[in-house]
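Protein chains: 2
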Amino acid sequence: MKEPDFKTVAIVGFGLMGGSMALALLEQRPHLAVIGVDRDAAARANADRRGIDTKADLGAVEAADIVVLATPVRSILEQLPAVGERAKEGALIIDLGSTKRDIVHEMDKLPQRVHPIGGHPMCGKELAGFQAAEAGLYRDTVFVLTPLARTTQQTVDRAKAFVGLLGARPIILDADAHDRAVAAVSHLPFTLAATLVNLTTEMSGSESTMFSLAAGGFRDTSRLAASDTRMMLDTLLTNRDNVADMLRAFSRELNRLADSVAAGDERALELFLDRAGKRRREMFK
Amino acid sequence: MKEPDFKTVAIVGFGLMGGSMALALLEQRPHLAVIGVDRDAAARANADRRGIDTKADLGAVEAADIVVLATPVRSILEQLPAVGERAKEGALIIDLGSTKRDIVHEMDKLPQRVHPIGGHPMCGKELAGFQAAEAGLYRDTVFVLTPLARTTQQTVDRAKAFVGLLGARPIILDADAHDRAVAAVSHLPFTLAATLVNLTTEMSGSESTMFSLAAGGFRDTSRLAASDTRMMLDTLLTNRDNVADMLRAFSRELNRLADSVAAGDERALELFLDRAGKRRREMFK
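Residue numbers (the working numbering), protein chains in the order written: chain A, 2 to 286; chain B, 2 to 286.
Isolated chain A (complex conformation) (with noise of 0.2 angstroms):
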């Protein structure tokens, strides 16, 4: 891969995301100067024990070819005129946040001096913070781009090979079609894993061997409902109409499948198991 044109990179929101895509950076290009920019003193100081330079303030901004927003959605959007005052001539902005249509909204005010596009990398985990920090996070994963109107395909080709810097495979998308595609593939599967810890946890009361019962299966099922409360609460909020047709459509399903199962029909029972067996293993090979 040939040497990158920037040469200063400053992260906002020095948590999960934005400390491991620092790691994953300096390991790759050693001698890039990475700042990560967070309030939270606890956060710099983590960042500080791994020999990563931080600074409390957003003005940190004006000295970085690349500023990457990686903190919830509201705080981007919230971060972003700021950014846009402090950046300096020429300077790719590019966020983390999980929607995107209100973000690359905002992104569209900046002034025309800078250059922005949304981002979205498909990765995480169930950890927040710095210290759950990790260099690989984002290898071998999907990176989803979402160009504003704006966007040259200059910026677009910088973006992309920001990404690949990380390991990551970049997809240009536009705005509306990833905050669908989201609900469906993402947002949806975490509220599922929401609600079934609450209403399990609700309905064993009495109960207190239920849990007991619980195997892999409900482990993996309910893994997401342990994702970062403030991250996705964020998300839900700025992506209202696509999560509430996705839990309306789920919803209706879920009592279709339950007319099948108490009226005992073995046909339509069966064919709807076989098609979701099917298709799951054709998956996720």
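Treat the hints loosely; a few may be bogus.
Which copy is meant is left open, so a pair is good if it fits within one copy or across any two.
[What the hints assert, rightly or not] Capping the alpha-carbon separation at 30 angstroms, the derived lysine-lysine pairs in DSBU-like fashion look like this:
#, residue 1, residue 2
1, K56, K89
2, K126, K286
3, K161, K279
4, K126, K8
If you are wondering where the hints come from, they were derived from the structure by calculation, not from laboratory data.
Got chain A sorted already, so can you dock chain B onto it with the hints?
Using the frame of chain A, we list chain B on its own:
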């Protein structure tokens, strides 16, 4: 552990669960006579290659001190009368079926000379057949025992010792409580996974990129959809009331959640996500 008071074990149905049990027993007690009974020639051939004695005919249970029924629930219900006719005086009859009410009801009709008890190991995986069997499948997992009114303490103790030999932890539960609990922690997660796969597949019709955005969260939440169709069909059809109740309760919860999301009710959403996150993190530390 003292030597078991049984010399011959017949396992009827020699797939993943029955085969893994045979491997576990022979690993612990190489001199035990373990007979795998399966009508399917391919299943027998796989077991024969691993040096396990197999028979095609149910008559093979005549020699057994312990008869284990390891087929799907409705096959167990069909096989029980014939097993009762053929099993010898004093034989322990146990099964591995995923639901227990219908089975203990049918077991109650067995002749008094045999000793039935229901069983359900809380383990498995999304691969079926003897070729997926492994000696460690039962190790450190919960094995539910559901005694009948006629089951003596001596029979319970024998069943516990047998379960202990597999490395599993026995839990005594009545069949009604078992079927209610597994509807919540096992059958519900399974139906959620299957519905997630089917609904997102339908929706992705025109948007082929949707699944390229599916990451680890989707993979884990949908994993159970790949379970064995025949086994799950029997399971749902013999637990219809409990499963339909759970699906309807879940469907109502999702509608409530959709309302909170659509209305942007931040306080309600935050409470919901926070409760689920805390509970999930404390469940699986």
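Violations among the numbered hints = 3
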